[in-house]
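K.L.:
What follows is the residue order along each chain.
2 protein chains.
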Amino acid sequence: MLGLMQDRPLLISSFLTHAALYHGDREIVSRTIEGPIHRTNYREVERRARKLANALAGLGATFGDRIGTLAWNGYRHLEIWYGTSGSGLVCHTINPRLFPEQISYIVNHAEDRVLFVDLTFVPLVEKFADKLTAVRHFVIMTDRAHMPETTIPNALCYEEIVEAASEDYAWPQFDENTASSLCYTSGTTGNPKGVLYSHRSTTIHSLSANSADAFCLSSRDVVLPIVPMFHANAWSLPYGVSMVGAKMVFPGAKLDGPSVHELLEGEGVTFTAAVPTVWLMLLQHLEATGGAITTLKRVVIGGSAAPASMIETFEKKYGATVIHAWGMTEMSPIGTLGALKAGMDSLPYEQQLAYKAKQGRAVYGVEIKITDDDGNELPRDGKAFGHLMVRGPWIAKAYLKNEGGNILDKDGWFDTGDVATLDPEGYMQITDRAKDVIKSGGEWISSIDLENAAVGHPAVAEAAVIGIVHPKWDERPLLIVVKKPGAEVTKDELLKFLEGKVAKWWLPDDVAFVPELPHTATGKLLKTKLREDFKSWRLPTADAAE
Amino acid sequence: MLGLMQDRPLLISSFLTHAALYHGDREIVSRTIEGPIHRTNYREVERRARKLANALAGLGATFGDRIGTLAWNGYRHLEIWYGTSGSGLVCHTINPRLFPEQISYIVNHAEDRVLFVDLTFVPLVEKFADKLTAVRHFVIMTDRAHMPETTIPNALCYEEIVEAASEDYAWPQFDENTASSLCYTSGTTGNPKGVLYSHRSTTIHSLSANSADAFCLSSRDVVLPIVPMFHANAWSLPYGVSMVGAKMVFPGAKLDGPSVHELLEGEGVTFTAAVPTVWLMLLQHLEATGGAITTLKRVVIGGSAAPASMIETFEKKYGATVIHAWGMTEMSPIGTLGALKAGMDSLPYEQQLAYKAKQGRAVYGVEIKITDDDGNELPRDGKAFGHLMVRGPWIAKAYLKNEGGNILDKDGWFDTGDVATLDPEGYMQITDRAKDVIKSGGEWISSIDLENAAVGHPAVAEAAVIGIVHPKWDERPLLIVVKKPGAEVTKDELLKFLEGKVAKWWLPDDVAFVPELPHTATGKLLKTKLREDFKSWRLPTADAAE
Chain A
1 MLGLMQDRPL
11 LISSFLTHAA
21 LYHGDREIVS
31 RTIEGPIHRT
41 NYREVERRAR
51 KLANALAGLG
61 ATFGDRIGTL
71 AWNGYRHLEI
81 WYGTSGSGLV
91 CHTINPRLFP
101 EQISYIVNHA
111 EDRVLFVDLT
121 FVPLVEKFAD
131 KLTAVRHFVI
141 MTDRAHMPET
151 TIPNALCYEE
161 IVEAASEDYA
171 WPQFDENTAS
181 SLCYTSGTTG
191 NPKGVLYSHR
201 STTIHSLSAN
211 SADAFCLSSR
221 DVVLPIVPMF
231 HANAWSLPYG
241 VSMVGAKMVF
251 PGAKLDGPSV
261 HELLEGEGVT
271 FTAAVPTVWL
281 MLLQHLEATG
291 GAITTLKRVV
301 IGGSAAPASM
311 IETFEKKYGA
321 TVIHAWGMTE
331 MSPIGTLGAL
341 KAGMDSLPYE
351 QQLAYKAKQG
361 RAVYGVEIKI
371 TDDDGNELPR
381 DGKAFGHLMV
391 RGPWIAKAYL
401 KNEGGNILDK
411 DGWFDTGDVA
421 TLDPEGYMQI
431 TDRAKDVIKS
441 GGEWISSIDL
451 ENAAVGHPAV
461 AEAAVIGIVH
471 PKWDERPLLI
481 VVKKPGAEVT
491 KDELLKFLEG
501 KVAKWWLPDD
511 VAFVPELPHT
521 ATGKLLKTKL
531 REDFKSWRLP
541 TADAAE
Chain B
1 MLGLMQDRPL
11 LISSFLTHAA
21 LYHGDREIVS
31 RTIEGPIHRT
41 NYREVERRAR
51 KLANALAGLG
61 ATFGDRIGTL
71 AWNGYRHLEI
81 WYGTSGSGLV
91 CHTINPRLFP
101 EQISYIVNHA
111 EDRVLFVDLT
121 FVPLVEKFAD
131 KLTAVRHFVI
141 MTDRAHMPET
151 TIPNALCYEE
161 IVEAASEDYA
171 WPQFDENTAS
181 SLCYTSGTTG
191 NPKGVLYSHR
201 STTIHSLSAN
211 SADAFCLSSR
221 DVVLPIVPMF
231 HANAWSLPYG
241 VSMVGAKMVF
251 PGAKLDGPSV
261 HELLEGEGVT
271 FTAAVPTVWL
281 MLLQHLEATG
291 GAITTLKRVV
301 IGGSAAPASM
311 IETFEKKYGA
321 TVIHAWGMTE
331 MSPIGTLGAL
341 KAGMDSLPYE
351 QQLAYKAKQG
361 RAVYGVEIKI
371 TDDDGNELPR
381 DGKAFGHLMV
391 RGPWIAKAYL
401 KNEGGNILDK
411 DGWFDTGDVA
421 TLDPEGYMQI
431 TDRAKDVIKS
441 GGEWISSIDL
451 ENAAVGHPAV
461 AEAAVIGIVH
471 PKWDERPLLI
481 VVKKPGAEVT
491 KDELLKFLEG
501 KVAKWWLPDD
511 VAFVPELPHT
521 ATGKLLKTKL
531 REDFKSWRLP
541 TADAAE
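So the protein sequences, as listed, match chains A and B.
Sequence positions in the first sequence follow the working numbering and run 1 to 546.
Sequence positions in the second sequence follow the working numbering and run 1 to 546.
Hints in this document: simulated from the structure, not taken from any laboratory.
Beta carbons are placed, not taken as given, at the ideal position from N, Cα and C, and that holds for glycine.
Misleading hints may appear alongside valid ones.
Here are the simulated DSSO-like pairs of lysine-lysine, each with C-alpha atoms no more than 30 Å apart in a straight line [to be verified]:
#1 B:341 x A:51
#2 A:410 x B:51
#3 B:316 x A:297
#4 A:341 x B:535
So the derived list for chain A, only partly shown, Cβ under 8 Å to chain B, looks like this [what the hints assert, rightly or not]:
#5 1
#6 174
#7 178
#8 196
#9 212
#10 219
#11 502
Generate coordinates for the entire structure from the input sequences, incorporating the hints supplied.
P.N.:
Given below as structure tokens:
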């Protein structure tokens, strides 16, 4: 027996039409690539998104075509998000920080028909424009006055095509499972793989992300999404903020401390979100200048783990509550968020901080569990750590063109590749990547915990821990260290320093000193390369065991 | 091109399993029909809901069967909600305030297989138990010690069937469009009609209702749903509160001022919701006793329009923000909610109050518009009033068994039967029921506005306004008045009193005095009866016009 409710599809265009109707005057503020601050509002963005939808149809884009963007957070990028997805095209946001050969691979793999390019990235695209086999039009996201000299063939001017297009356009209704947007994950191995979101998944995800124990976004908020729109949907903010009609502030290309601080204070920002690196720059700037934060209430930290000291500084010194977040491109991206539960507000701050330094609880709509290598569920005791498995309506079931094959287990769970603990209150903490865990005598050692402990030593600039084959224990940890310029430290001093900070049997069997560590284009440690470089490393304990 | 997100259905069981896993210890407090306050938690409710699902299967209920409830708000009713919907049965909540013949009609029309009955309603059910053709089992919602002597055939004891059932039960996965619950609307004409909700509509509705500009429910809230669970899903609270894991407090049968006040203060309630009548009783009690409200932050007023004075009293005297709500059984029920928009907080309070006294803005997910008799959309200028039309994924497309035939227009809009204005900020105000509007010379006169003005006279106990046929104007208003005991007022005095309070051409052409006005079982004015009684009334102005 089916219910008798209206068969209205959940469509992304409805976020913007709702905002334009009920919050038409609410501002969208952007720091432009051209320089000045630009101000528009939801009514105008919705009108121009309609014009853009007509313009794209005029360029030959048809339902389901992928439309690429290489762009910072700004109002034109927002217009493209809605103009494409809203009209049934697929908005493909591309990370410009990838290597050029990765970007051209992605554009070709997605078969992007049109590529929108911010001024910043014109020189980048010039390097491979002739290799983009499916792209029929390049659009530079600026006005005629700022159009650059470029070797990109037949480059169009964004403002000209929008200006020329009719605003007479009705947002179409279609199946909510239609693809809306596309984002590639850049793993540490193999080619990037495309995650294809739908209108349905995006809508449900945004509703849940907006809820009171998550982002708690209201029309009265002023939101600064610093996390890039090319990075996992900017954690759903451009969608969710539109849905509630909050004021939105876009930082453009300037993510440095002074620029971010200027926007926070100048625009009365109440809510913002970024990776720890951005917050480090802001906090250093505030420290150096004695600057204050006056309107900010909530700050989301995600992308990588937020140090407890950073959380404490925001909360104690600047009066902004930290929401620690974890997610993945494959998860739209939100998985867990660190809101405190009832009664925790009255715990001593140190205990609150211990919860906040974890990655948070699963939001409604996401199921999570941890399992051992055989797929058995492990206890939620805060101690056991295992493969972090996730399931839910905004989590990928496959990659574009089925790259990588089947990615779900028989019960529909997706293996995040992370290793984590779950505590009795439901808070999750990532302890490692599964492939980086050191398997010693049937037990797991977290490489990340060891690295975090090692970088606490004043002479250590950066540290990596990998497993080295061991005749008795299968694997034992090797600590690889980059020393700070001019600093000196010995193997024995480092091992002594680690004693008491980690379990005794976790202590590395050896330490190697190197001038630098290998990284991916987006700054992740490239442990595959390290394992290759150190594959014939002989641990001193190996001799003793044989 | 379809997205590649997991095909996980949106199911009601997930609200409760999420609560049990992440907020297992969070309390569910109930004032029982038996007398004492009862305390349980989400873990226990989820466990007992599983037992109940097994018990119902044991009683022969199969997927899609309707299971009726005649019950107050309490933990057993909550267990029934989840035990039925969660297992693929349809939870049919029945309004015990209807006439007995309406209730037996509804139970037979829905073909309820099992009927759960609170102790209060055992005498009611005894009146028609033998007429309930489809019901195979009656279950009295109490324990063995409190089982009453009853003529209800083979009455089962709730605690006994739950106790006897196994808790070994896995919540099944099925199509999210499956019917989850059923509620009949009692109009003023014809038989009640069944609105059949789905798991999908209920989930999306709850997510939107929980959002920051709506109820803004968090795990840290303590929620007292006074609006009955038999009345339009208790405005989604038992669902939404579970979803976030807030503490839930159920008032049972006692909705009087002292009982409600005791729960508010005793349980630390932060959020509550009820119709104006309940709030009137509470405010009178507080006034009489000098009682205080200390923990309450938000109070939802819906069901009928909240007087501005009531809103002001809650906000100014008791420090609780009022959320004025409007909806319908056909809308799950939430349509509009009165949260202030950005910047309105700094308006003078009188202006804030003017917005708050309207019924609010459409929540995300609900489309609303007003139209004239020909279906043309009317301006959102706060003045034009027209048929209020709604559309969205949690709004009915038909009634059970297609009673009443097609209820949507060609574009999918549902006519609410209300007449309303929409102002430029998006706030909606109901001005009348469409069938009660007086159509005078092609213009509309609001019967409700006239009635509200008339009851302002100190001698008027109750007033009704209906249209009377007029040879020149088609219709002109007749004011029908019940005087307060011992009070006297004349027609001329009343008309003089109304002058300046309504437009001059709205002034009634005549006044009739009656000892009492007819009402429906749920207390609505029965204007069909009035129109019948006064159909041959001759207006004095009619003679002059001929």
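K.L.:
Hints numbered earlier in the text: which of these fail when held up against the supplied structure?
P.N.:
Structure breaks hints 4, 6 and 11.
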